[in-house]
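Visitor: Quick mapping for you: the protein sequence lines, in order, are chains A and B. Per the numbering used here, residue 1 is the first one in the first sequence, and the count goes up by one each step. Per the numbering used here, residue 1001 is the first one in the second sequence, and the count goes up by one each step.
Bear in mind the hints are in silico, worked out from the structure with no lab data behind them. Misleading hints may appear alongside valid ones.
To be verified - Under the rule of at most 30 Å between Cα atoms (straight-line distance), these lysine-lysine pairs were calculated in the BS3-like manner: (1) LYS1096/B <-> LYS56/A; (2) LYS101/A <-> LYS1056/B; (3) LYS1108/B <-> LYS74/A; (4) LYS1096/B <-> LYS86/A; (5) LYS22/A <-> LYS1108/B; (6) LYS96/A <-> LYS1068/B; (7) LYS101/A <-> LYS1101/B; (8) LYS56/A <-> LYS1101/B; (9) LYS68/A <-> LYS1068/B.
As the list claims (entries may be wrong) - Rough simulated footprint, nothing fancy, chain B against chain A, three-plus residues with beta-carbon under 8 Å: (10) 22-34; (11) 95-106.
All C-beta atoms, glycine included, are put in the ideal place defined by N, C-alpha and C.
There are 2 protein chains.
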Amino acid sequence: MLEKTTRMNYLYDFYFSLLTPKQQSYMSLYYLDDYSLGEIAEEYDVSRQAVYDNIKRTEAMLEEYEEKLLLLQKFQERTRLIRDMKQLLNEENPSKEALLKIVTELEKLD
Amino acid sequence: MLEKTTRMNYLYDFYFSLLTPKQQSYMSLYYLDDYSLGEIAEEYDVSRQAVYDNIKRTEAMLEEYEEKLLLLQKFQERTRLIRDMKQLLNEENPSKEALLKIVTELEKLD
């Protein structure tokens, strides 16, 4: 499991389009621009608690989307396979069988 | 653009987990099991119009999810790249440069 901030950044990246504009604003200020809850509350003229509740709910939504769609998990698996493939292609005489095996695994991920 | 039934089958495949259980039932009976609206209505003891409205709404939702997440589009692009890569790997001496180019395109899709 990734460290929480990193994980939330990734999940936000994959699923931000499913969030409301307000959820997008709070999340991107908090996680991408590193604003504090108090600063976001001031910016939007709402209570710190309201910002906190909204962000907590959004985090839970992002985890639910990931449970259902697995976009981050599949991305990580694809990234690993692509890295392996690049490593093979940097060898003098890469094995075609090894490359085909990776291509087949990539295919199965979809 | 794929033929509508094929496209709906794909979209359902990618996004069914975001639908309600009732939406899932109607869509899978209609698109996967080829039930008529009347047969679904009878099965669930509701009006044919209610089934029709539910399916139309669900189709629109699936298209909205695709507009936001592009899972089908990216799947099609990945499928094309993977097919090209397999073709290259079936050649006697596949060009490593050509293979690396495809790997880089695959990477950019994520």
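Visitor: Each hint should be assessed against the structure and marked as holding or not.
Guide: Against the structure, the hints:
1. LYS1096/B <-> LYS56/A: Outside the cut-off at roughly 47 Å; violated.
2. LYS101/A <-> LYS1056/B: 41 Å, violated
3. LYS1108/B <-> LYS74/A: 15 Å, holds
4. LYS1096/B <-> LYS86/A: It holds: about 10 Å lies between the C-alpha atoms, which stays within 30 Å.
5. LYS22/A <-> LYS1108/B: 29 Å, holds
6. LYS96/A <-> LYS1068/B: 37 Å, violated
7. LYS101/A <-> LYS1101/B: At roughly 18 Å apart (the allowed maximum being 30 Å), LYS1101/B and LYS101/A satisfy the hint.
8. LYS56/A <-> LYS1101/B: Violated, at about 41 Å.
9. LYS68/A <-> LYS1068/B: It holds: about 16 Å lies between the C-alpha atoms, which stays within 30 Å.
10. 22-34: violated (count 0)
11. 95-106: As far as the region 95-106 of chain A goes, the hint holds, because 5 residues have Cβ atoms under 8 Å from chain B.
When the structure is compared with the earlier hints, violations turn up for hints 1, 2, 6, 8 and 10 and for no others.
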